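All chains, please: the whole structure from these sequences, using the hints.
Chains A, B, C and D are the protein sequences, given in the same order. Quick note: the first sequence uses the numbering used here, first residue 1, plus one each step. Quick note: the second sequence uses the numbering used here, first residue 107, plus one each step. Quick note: the third sequence uses the numbering used here, first residue 438, plus one each step. Quick note: the fourth sequence uses the numbering used here, first residue 536, plus one each step.
Rather than coming from a laboratory, the hints here were simulated on the basis of the structure. Mixed in with the good hints there might be a few duds.
[Stated by the list, open to error] Here are some, though not all, of the chain B residues that point toward chain A, as calculated from beta-carbon distances under 10 Å:
id	residue
1	Met107
2	Ala121
3	Asp135
4	Ala168
5	Leu177
6	Val180
7	Glu183
8	Leu250
9	Leu316
[Unchecked claim] Cut-off 20 Å, straight-line C-alpha distance, at most; resulting in silico cross-link-like pairs (SDA-like, lysine to any residue):
id	chain 1	residue 1	chain 2	residue 2
10	C	Lys502	B	Ile324
11	C	Lys477	C	His519
12	C	Lys477	C	Phe465
13	C	Lys477	C	Met438
14	C	Lys502	A	Leu54
15	C	Lys502	B	His336
16	C	Lys502	C	Val481
17	C	Lys477	B	Ile311
18	C	Lys477	C	Ile439
19	C	Lys477	C	Leu452
20	C	Lys477	C	Ala460
21	C	Lys502	B	Ala333
22	C	Lys502	B	Ala337
23	C	Lys502	A	Thr56
24	C	Lys502	B	Val328
25	C	Lys477	C	Leu488
26	C	Lys502	A	Pro57
27	C	Lys477	C	Trp507
28	C	Lys502	C	Met491
29	C	Lys502	C	Gly484
30	C	Lys502	B	Val325
31	C	Lys502	A	Glu55
32	C	Lys502	A	Leu18
33	C	Lys502	B	Tyr329
34	C	Lys477	C	Asp467
35	C	Lys477	C	Leu449
36	C	Lys477	C	Leu492
37	C	Lys477	C	Ala522
38	C	Lys477	C	Ala450
39	C	Lys502	B	Ile311
40	C	Lys477	A	Leu18
Here the structure is a predicted model, which means the values were calculated and not measured. Every residue gets a Cβ at the ideal spot worked out from N, C-alpha and C, and that includes glycine.
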Amino acid sequence: MITFYLMAALFLLATILLGLIRVLRGPGSGDRMLAAQLFGTTGVTILLLLSMTLETPALVDVALVFALLAVVAAVAFVRQHGLPEPSGTPVHQRKNDQKTESDDDR
Amino acid sequence: MSNLLLVIFDLVLLAGLLGVAWRCLASTDLFRAVVLFITFGLLLALAWVRLEAPDIALAEAAIGAGITGALLLVTLERLRSIAVERRRGRPDQPPDPAGADALLHALHDPPPPRRTFVPALSFALVVGGLMVTALWHQPDAVGLEPVVDEHMGVSGVDHPITAVLLNFRAYDTFLELAIVLIALLGAWSLGRYDRLPARPAPGPILPGTLRLLVPVAIVTGVYILWAGSHAPGGAFQAGAILGAAGILLVLARPRDLPMAPSTPLRLGLTAGVGLFLAIGIVGLFIGPGLLGYPPEWAYPLIIVIEIAATLSIALTLVALFIAGRPAGDDH
Amino acid sequence: MIANTLTVILILAGLVFFAAGTAGLLRFPDVYSRLHALTKADNVGLGLVILGLMLQAAGPADILKLLLIWVLVLAAGTTAAHMVAQRTWTHGEFESDR
Amino acid sequence: MEWLAQQLAPGLIYPTAGALLFALGLYGLIRRHHLVLRILALNIMGSGVFMVLLGIAARGEGAPDPVAQALTLTGIVVAVSATAFALALVVRLARITGQAMMLPGPPDDEAPVDDISREEHAPSAEYEREHRE
Chain A
1 MITFYLMAAL
11 FLLATILLGL
21 IRVLRGPGSG
31 DRMLAAQLFG
41 TTGVTILLLL
51 SMTLETPALV
61 DVALVFALLA
71 VVAAVAFVRQ
81 HGLPEPSGTP
91 VHQRKNDQKT
101 ESDDDR
Chain B
107 MSNLLLVIFD
117 LVLLAGLLGV
127 AWRCLASTDL
137 FRAVVLFITF
147 GLLLALAWVR
157 LEAPDIALAE
167 AAIGAGITGA
177 LLLVTLERLR
187 SIAVERRRGR
197 PDQPPDPAGA
207 DALLHALHDP
217 PPPRRTFVPA
227 LSFALVVGGL
237 MVTALWHQPD
247 AVGLEPVVDE
257 HMGVSGVDHP
267 ITAVLLNFRA
277 YDTFLELAIV
287 LIALLGAWSL
297 GRYDRLPARP
307 APGPILPGTL
317 RLLVPVAIVT
327 GVYILWAGSH
337 APGGAFQAGA
347 ILGAAGILLV
357 LARPRDLPMA
367 PSTPLRLGLT
377 AGVGLFLAIG
387 IVGLFIGPGL
397 LGYPPEWAYP
407 LIIVIEIAAT
417 LSIALTLVAL
427 FIAGRPAGDD
437 H
Chain C
438 MIANTLTVIL
448 ILAGLVFFAA
458 GTAGLLRFPD
468 VYSRLHALTK
478 ADNVGLGLVI
488 LGLMLQAAGP
498 ADILKLLLIW
508 VLVLAAGTTA
518 AHMVAQRTWT
528 HGEFESDR
Chain D
536 MEWLAQQLAP
546 GLIYPTAGAL
556 LFALGLYGLI
566 RRHHLVLRIL
576 ALNIMGSGVF
586 MVLLGIAARG
596 EGAPDPVAQA
606 LTLTGIVVAV
616 SATAFALALV
626 VRLARITGQA
636 MMLPGPPDDE
646 APVDDISREE
656 HAPSAEYERE
666 HRE
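This is the structure:
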């Protein structure tokens with residue numbers, strides 16, 4: 001059983017390292033943030049599996065804290081750049097040649 | 107079999123850590139560097155787990171996931187808004203022609219000049235090589251574990267790390283609280299806080315999530331604080347969790363920050379250091395010495411200090427995140 | 438014995454979802470489809486692993502803690518996905534790379 | 536196999552990796568110009584130090600050394616406070632000079648700066664005004 005848990009944890013660690021490719025490539029910051037979010041969940045799972053392997057029940061608390069605070073970085077990400085004024089049209093509907101105020105912000 | 111798997115796990119984890127750190131420091135795009143640094147913190151927590159340090163993993167989880175990431179992302183936002191402001195000009199100042207450059211540089215760092223490559227690499231290699239050599243030749247020592255174990259009876263708590271932090275080496279912890287407070291004073295001396303130019307996401311999703319998360323965070327923080335006397339947990343981890351919850355509130359709040367009134371805020375910020383020192387000085391007269399407690403009083407005193415320290419750490423972390431004196435606090 | 442077999446099956450199923458999430462993250466063409474692959478696969482994956490671990494838990498307190506972790510991750514994942522999507526919709530996809 | 540597992544015990548490979556992290560952070564600290572990246576480099580160096588401390592504490596049989604763990608715990612909280620203070624300083628610097636990098640020198644410094652053009656790092660009017668006063 002312990003060997004099985006360890007193999008599962010190792011597999012998940014490998015998926016994190018593979019997912020890093022998305023952080024490196026991007027291309028947008030949304031992609032990078034999503035990858036970080038996935039790593040958070042995977043990390044929680046690895047911690048739960050390790051708590052069975054290493055027989056350390058306290059690791060469940062660590063996983064709990066990770067799960068609890070997984071959203072903080074994403075909220076900070078939304079504030080980073082912020083959102084345009086309520087009247088702002090979505091980027092997809094803007095004309096390409098028309099330089100708008102919030103385009104300048106970037 | 108499982109030993110071998112653990113070794114493979116360690117090697118993969120460490121390779122990942124080194125790789126992430128390397129790519130992070132090689133990024134030209136600062137946002138990418140910050141996301142890689144958040145991932146680095148996650149992997150680091152796993153490393154602490156493998157080193158049989160669940161306490162540290164707990165603190166790393168709260169700080170890495172909750173505080174550092176948000177702090178860095180918001181700093182990038184502040185730098186960007188400063189660059190935009192300079193480019194546009196302000197009411198009292200014409201637009202700054204160098205502003206366009208500043209905008210470019212605010213969130214991008216050009217690749218470093220080739221000239222510094224060889225000296226930097228050789229210096230880092232020499233330092234790293236010396237450290238590795240020293241570590242490999244260091245003899246195995248038992249450390250202080252038996253000593254701590256022997257004195258656990260008089261510490262007042264059942265968890266060795268809490269005993270070390272709040273009893274055996276209380277002066278370290280006391281000075282650590284003071285340093286955190288000094289960092290805050292430093293940040294406050296830079297001026298009032300900058301109002302973030304960005305707005306939070308509209309819609310019901312974020313407030314709804316907050317309504318779920320913040321109470322759970324408070325309960326978890328108190329639970330971790332309580333667990334500290336017999337299991338991994340304690341004032342630092344609890345303070346970090348509550349601080350992260352406070353940061354979440356600050357981030358989700360539209361425009362105006364929910365700053366506490368000045369006097370209670372200051373009392374809360376200094377409660378940890380103040381109470382610690384007061385109890386420590388009392389110990390000088392009626393106890394075993396400065397920052398020492400009589401064994402029969404140790405448990406309640408440690409609990410009182412821990413509660414105050416948790417409060418102070420949480421408040422200080424939130425105030426450091428806001429980075430600046432509360433508005434209307436000057437005179 | 439039955440519990441052990443069930444745990445193994447559930448965790449394996451969870452791992453499949455994690456693999457699918459990572460594959461989606463790497464292979465899908467734009468943020469919105471990546472988002473979709475990731476949040477669904479990811480949360481179901483964790484849910485299955487947690488169900489598997491619940492069968493091995495020592496007592497009701499542990500089971501509740503595991504359940505709480507899942508609920509929290511669900512809430513965080515949903516919120517994060519929503520906010521990333523909203524921000525991408527209003528700001529465009531490639532604003533980080535000039 | 537067992538022999539290999541013994542050679543690669545956590546007490547040995549983690550401190551080694553910690554030392555490498557420290558060296559990596561040092562390298563980044565020297566080479567990168569942007570102050571936020573330098574702060575990240577310092578944090579990575581600090582993590583390397585923590586890893587060395589905890590790795591040595593985990594050596595040998597039995598429970599790890601609680602004193603090293605307690606010191607690391609305080610170290611992490613100090614590191615995050617120092618990072619927050621440093622970031623506040625960077626924002627303040629950017630507000631005054633318009634740059635988030637190390638300036639090559641004071642405005643009247645004639646020292647040659649060959650790698651980065653003078654133009655890019657020219658201090659802003661506000662910076663010069665503050666220094667003249």
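Okay, the hints, checked on the actual structure:
This hint holds: Met107/B has a C-beta 5 Å from the nearest C-beta of chain A, less than the 10 Å allowed. Look at Ala121/B: its Cβ gets to within about 8 Å of chain A, closer than 10 Å, so that hint holds up. At its closest, the beta carbon of Asp135/B sits 8 Å from a beta carbon of chain A; the interface hint therefore holds under the 10 Å criterion. Taking 10 Å as the C-beta contact cut-off toward chain A, the hint placing Ala168/B at the interface holds, the least distance being around 5 Å.
For the restraint placing Leu177/B at the interface with chain A, the shortest Cβ-Cβ distance is roughly 8 Å, inside the 10 Å limit, so the hint holds. The interface hint given for Val180/B is met, as the beta carbon of that residue sits about 6 Å from the closest beta carbon of chain A, less than 10 Å. For Glu183/B, the interface hint holds, the least distance from its beta-carbon to any beta-carbon of chain A being 4 Å, beneath 10 Å. With 10 Å as the threshold, the beta carbon of Leu250/B stays out of range of chain A, its nearest partner Cβ sitting at about 21 Å, so the hint is violated.
For the restraint placing Leu316/B at the interface with chain A, the shortest Cβ-Cβ distance is roughly 9 Å, inside the 10 Å limit, so the hint holds. Restraint check: the Cα-Cα separation between Lys502/C and Ile324/B comes to about 15 Å, which is no more than 20 Å; the hinted pair holds. A C-alpha spacing of about 13 Å is found between Lys477/C and His519/C, which places the hinted pair at or below 20 Å, so the restraint holds. Annotation: proposed proximity of Lys477/C to Phe465/C holds, straight-line Cα distance about 14 Å (limit 20 Å).
At roughly 31 Å between alpha-carbon atoms, Lys477/C and Met438/C are farther apart than 20 Å, so this suggested pair is violated. Taking the CA atoms of Lys502/C and Leu54/A, the gap is near 18 Å; set against the 20 Å cutoff, the hint holds. Taken as a hint, the Lys502/C and His336/B pair is honoured in the structure, with Cα atoms around 19 Å apart against an allowance of 20 Å. Simply put, Lys502/C and Val481/C have alpha-carbon atoms about 17 Å apart, close enough for the 20 Å limit, and the pair holds.
Under the criterion of a C-alpha separation no larger than 20 Å, the hint pairing Lys477/C with Ile311/B is consistent with the structure, at around 18 Å. A hinted pair counts as satisfied when its Cα atoms are at most 20 Å apart, and Lys477/C with Ile439/C does not qualify at roughly 28 Å. Among the hinted pairs, Lys477/C with Leu452/C is consistent with the structure: their alpha-carbon atoms are about 13 Å apart, no more than 20 Å. Taken as a hint, the Lys477/C and Ala460/C pair is honoured in the structure, with Cα atoms around 13 Å apart against an allowance of 20 Å.
Under the criterion of a C-alpha separation no larger than 20 Å, the hint pairing Lys502/C with Ala333/B is consistent with the structure, at around 15 Å. Only pairs whose Cα atoms come within 20 Å are accepted, and Lys502/C paired with Ala337/B is accepted, the gap being roughly 16 Å. Among the hinted pairs, Lys502/C with Thr56/A is consistent with the structure: their alpha-carbon atoms are about 15 Å apart, no more than 20 Å. Our distance criterion of 20 Å between C-alpha atoms is met by Lys502/C and Val328/B, whose separation comes to about 15 Å.
Distance check on the hinted pair: Lys477/C and Leu488/C sit about 16 Å apart at the alpha-carbon level, within 20 Å; holds. For the given pair, Lys502/C sits about 11 Å from Pro57/A by alpha-carbon distance, which is consistent with the 20 Å threshold. With a C-alpha separation of about 13 Å, the suggested pair Lys477/C and Trp507/C falls inside the 20 Å cut-off, and the hint holds. A distance of roughly 10 Å separates the Cα atoms of Lys502/C and Met491/C; the hinted pair therefore holds under the 20 Å criterion.
The straight-line distance between the Cα atoms of Lys502/C and Gly484/C is roughly 13 Å, inside the 20 Å bound, and the hint therefore holds. Pair hint Lys502/C plus Val325/B holds up; C-alpha atoms about 13 Å apart against a cutoff of 20 Å. Taken as a hint, the Lys502/C and Glu55/A pair is honoured in the structure, with Cα atoms around 16 Å apart against an allowance of 20 Å. Restraint check for Lys502/C and Leu18/A: the C-alpha separation of about 29 Å exceeds 20 Å, so the hint is violated.
Simply put, Lys502/C and Tyr329/B have alpha-carbon atoms about 12 Å apart, close enough for the 20 Å limit, and the pair holds. Distance check on the hinted pair: Lys477/C and Asp467/C sit about 16 Å apart at the alpha-carbon level, within 20 Å; holds. Using a Cα cut-off of 20 Å, the hinted pair Lys477/C and Leu449/C holds, with the two alpha carbons roughly 17 Å apart. Distance restraint check for Lys477/C and Leu492/C: the Cα-Cα separation of roughly 23 Å exceeds the 20 Å cut-off, and the hinted pair is therefore not satisfied.
As the CA atoms of Lys477/C and Ala522/C are separated by approximately 14 Å, the hinted pair is consistent with the 20 Å bound. Distance hint between Lys477/C and Ala450/C is fulfilled; the C-alpha atoms sit about 14 Å from each other, no more than 20 Å. Proposed proximity of Lys502/C and Ile311/B is contradicted: the alpha carbons are some 24 Å apart, above 20 Å. A threshold of 20 Å between alpha carbons decides the hint, and for Lys477/C with Leu18/A the separation of about 19 Å falls inside it, so the pair holds.
The structure does not agree with the numbered hints 8, 13, 18, 32, 36, 39 stated previously, though it agrees with the rest.
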